[in-house]
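A.B. asks: Listed below are the residues making up each chain.
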Amino acid sequence: MSRIQAIFDRLKQQRRKALIPFFTAGDPNPALTVPLMHTLVEAGADIIELGVPFSDPMADGPTIQRASERALKHHVGLHHVLDMVAEFRSSDAVTPIVLMGYGNPIEAMGWGTFAQRCAEAGVDGVLTVDFPPEESHEAFAHLTKYGIDPIFLLAPTSTDARVARVAKQARGYVYYVSLKGVTGAGHLDLAAIEQKIPQLRKHINLPIGVGFGIRDAVTALAVAKLCDGVVVGSRIVQEIENSTEQNVVANVSKLVKELRQAVDKA
Amino acid sequence: MTYNYPDSTGHFGPYGGIYVAETLMGALDELNQAYEKYRHDPEFIAELNYDLKHFVGRPSPIYHAKRWSQHLGGAQIFLKREDLNHTGAHKVNNTVGQALLAKRMGKPRVIAETGAGQHGVATATVAARYGMECVVYMGSEDIQRQSPNVFRMKLLGATVVPVESGSKTLKDALNEAMRDWVTNIENTFYIIGTVAGPHPYPMMVRDFNAIVSKEAVMQMPELAGRQPDAVIACVGGGSNAMGVFYHYIDMPGVKLIGVEAGGHGIASGEHAAPLTTNSPVGVLHGNKTYLMQDENGQIIETHSISAGLDYPGVGPEHSWLKDCGRAEYVAIDDDEALRAFHDLCHFEGIIPALESSHALAHAAKIAPTMGKDKVLLVNLSGRGDKDINTVARLSGITL
Chain A
1 MSRIQAIFDR LKQQRRKALI PFFTAGDPNP ALTVPLMHTL VEAGADIIEL GVPFSDPMAD
61 GPTIQRASER ALKHHVGLHH VLDMVAEFRS SDAVTPIVLM GYGNPIEAMG WGTFAQRCAE
121 AGVDGVLTVD FPPEESHEAF AHLTKYGIDP IFLLAPTSTD ARVARVAKQA RGYVYYVSLK
181 GVTGAGHLDL AAIEQKIPQL RKHINLPIGV GFGIRDAVTA LAVAKLCDGV VVGSRIVQEI
241 ENSTEQNVVA NVSKLVKELR QAVDKA
Chain B
1 MTYNYPDSTG HFGPYGGIYV AETLMGALDE LNQAYEKYRH DPEFIAELNY DLKHFVGRPS
61 PIYHAKRWSQ HLGGAQIFLK REDLNHTGAH KVNNTVGQAL LAKRMGKPRV IAETGAGQHG
121 VATATVAARY GMECVVYMGS EDIQRQSPNV FRMKLLGATV VPVESGSKTL KDALNEAMRD
181 WVTNIENTFY IIGTVAGPHP YPMMVRDFNA IVSKEAVMQM PELAGRQPDA VIACVGGGSN
241 AMGVFYHYID MPGVKLIGVE AGGHGIASGE HAAPLTTNSP VGVLHGNKTY LMQDENGQII
301 ETHSISAGLD YPGVGPEHSW LKDCGRAEYV AIDDDEALRA FHDLCHFEGI IPALESSHAL
361 AHAAKIAPTM GKDKVLLVNL SGRGDKDINT VARLSGITL
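Chains as they are written, first to last, in the working numbering: chain A, 1 to 266; chain B, 1 to 399.
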């Protein structure tokens with residue numbers, strides 16, 4: 001059984017929801033990435049989405065773009081990120097790691113090499129923002145060959161037909177983008193999410209995580225009630241941005257603990 | 001035509017496609033359906049043709065640059081005068097088409113990215129013409145280089161948003177426009193200005209610009225007695241080149257030559273010539289294509305004297321035409337382009353855009369190696385009024 005499935009099975013038995021924090025590898029500097037990953041787990045993260053820096057993050061808002069820019073100043077590339085996961089994995093055999101980013105760094109490495117290196121490093125899932133099902137069949141066949149879950153996005157604008165199509169290719173869990181816009185944008189429309197989730201469940205048998213626009217404990221709790229997992233990205237990246245290298249670990253830990261408590265009330 | 005690309009999923013061989021986040025897929029489906037519905041609709045075509053004639057001023061003439069040809073001492077150079085279009089470049093062919101489509105789709109707001117500002121001006125112009133709200137994203141670096149066009153857009157009622165991220169040029173403006181689109185998808189139509197982006201944009205922008213070669217195929221026999229030996233156009237994203245190439249693709253006797261920006265010279269690494277330098281294939285801005293990137297797959301900063309060519313990728317159809325050998329791609333550096341700019345002013349009384357000057361420079365390079373009975377057709381894709389500040393500065397003159 002995959003680590004992702006094991007986590008969701010356990011959470012289901014405990015009647016709890018998953019907390020899935022995101023941050024960008026190499027932000028604020030590469031030496032802090034593995035310590036921050038362990039911090040997230042200690043503070044209550046169930047799965048970590050680790051951002052792979054990219055020069056042109058089109059689907060992200062300014063907060064996550066700046067995180068990419070900080071990481072790229074340290075020349076953090078995809079192979080560094082894989083090394084970081086391997087280092088993390090040497091002392092944590094349980095927490096699933098999902099790499100999240102854009103397709104081009106993987107294209108540059110080659111999907112076959114990438115999938116093999118993911119398996120060696122202990123990566124559990126890969127979410128490639130700009131590879132919809134239409135373009136990802138061949139690429140993701142490499143991932144599934146090594147038992148890596150391709151994670152797909154669904155959006156408020158996804159039609160029934162598209163949801164069905166994603167359902168066929170998705171593994172692990174599905175990431176529902178809760179608003180129209182980029183990461184870190186505006187306010188959440190909880191009623192719209194509540195209405196959309198049952199439509200997704202008609203086709204999707206996997207757990208459904210919801211992200212984009214979850215800013216605090218209150219919104220995290222409200223969203224957790226509606227789905228299987230809560231993804232928090234920009235808010236954590238913002239905390240990293242506003243911290244010093246001395247207090248970043250403590251600040252992120254405090255924030256994630258608050259989110260954990262909120263999600264556990266759901 | 002026997003040439004039949006892209007396929008139904010938007011691929012030109014291995015290039016093109018729809019590489020965007022799920023949040024945009026719905027909007028692209030909607031656009032695809034609308035374009036398929038209206039591209040053959042007689043009413044749509046009639047309205048488009050009316051505006052191309054009476055608003056844009058088509059057909060654009062072809063002009064025999066006799067004095068310059070004589071000075072160069074070889075092939076005869078003919079210019080397709082897209083610089084004489086309303087707004088001063090080929091870009092308006094496409095914006096009229098997309099704005100008419102937006103109108104039919106009930107989108108009251110249009111957005112655009114722009115590099116040199118020509119596409120921004122062409123979009124602001126049609127937005128005013130059809131009564132639409134218009135927002136143009138432009139890199140802050142380009143805003144500096146192209147201030148006359150920024151003011152022009154504002155006169156036309158558009159909001160110009162400076163983009164401060166990344167290299168502050170065309171690619172960053174494109175990122176920002178995509179972000180706007182994904183946020184305002186219900187009421188907004190994104191008018192992409194070049195033959196790149198997710199399907200159907202590369203096809204649609206090409207189709208709207210193909211009027212250039214459709215006219216040229218009819219005009220050349222009248223003016224030159226025959227079709228040209230070669231057609232030459234500059235390539236940034238590649239919209240004017242696809243426009244002037246398209247109806248010549250099925251004529252094997254006509255060479256197609258795309259001219260990329262060589263910047264400070266190919267050897268310097270500071271250029272914008274992904275095809276000429278055989279850059280690796282990658283994915284950016286919704287399509288797969290030759291792409292300037294580092295070994296980690298990060299997009300690298302490009303350089304060109306002309307903002308309109310300062311782009312790390314290229315339209316996917318050009319990647320395909322290169323691979324199948326139908327078109328060849330070369331690079332012209334900043335200095336060569338500048339020399340051609342001055343020569344055309346001097347010998348023909350025409351101030352060309354710095355983008356088009358790259359195509360002119362390549363014509364000037366090969367014309368002397370050809371017989372006087374040979375014929376070159378250069379797409380003079382835009383006029384150079386917008387570039388006079390840049391050229392003055394390079395000549396040490398303050399305007």
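No lab work stands behind these hints: they were computed from the structure. All C-beta atoms in this analysis are idealised placements derived from N, C-alpha and C, irrespective of residue type, glycine included. A hint or two may mislead.
Here chain B is said to cover these stretches of chain A; the calculated rule only asks that three of the stretch's residues, wherever they fall, bring their Cβ under 8 Å from a Cβ of chain B [stated by the list, open to error]: (1) 104–111; (2) 170–181.
A partial selection of chain A residues facing chain B, derived with a Cβ cut-off under 7 Å [what the hints assert, rightly or not]: (3) Ser55; (4) Val94; (5) Glu134; (6) Leu154.
A.B. asks: Are valine 94 of chain A and chain B close enough, Cβ to Cβ, to be under 7 Å, as the hint says?
C.D. replies: violated, 29 Å
A.B. asks: Taking 7 Å as the limit, does the beta-carbon of leucine 154 of chain A come near enough to a beta-carbon in chain B?
C.D. replies: holds, 6 Å
A.B. asks: Taking the least C-beta to C-beta distance, is serine 55 of chain A closer than 7 Å to chain B?
C.D. replies: holds, 4 Å
A.B. asks: Using C-beta distances, would you say chain B covers the region 170–181 of chain A, given that this needs three or more residues below 8 Å?
C.D. replies: With 3 residues in contact (Cβ-Cβ under 8 Å with chain B), the coverage given for the region 170–181 of chain A holds.
A.B. asks: Would you check whether glutamate 134 of chain A satisfies its interface hint, that is, whether its CB is within less than 7 Å of any CB in chain B?
C.D. replies: Result: holds, 6 Å to nearest chain B Cβ.
A.B. asks: Tell me whether the statement that chain B covers the region 104–111 of chain A is true, taking a Cβ distance below 8 Å and needing three residues at minimum.
C.D. replies: holds (count 6)
Checked against the numbered hints given earlier, this structure breaks only hint 4.
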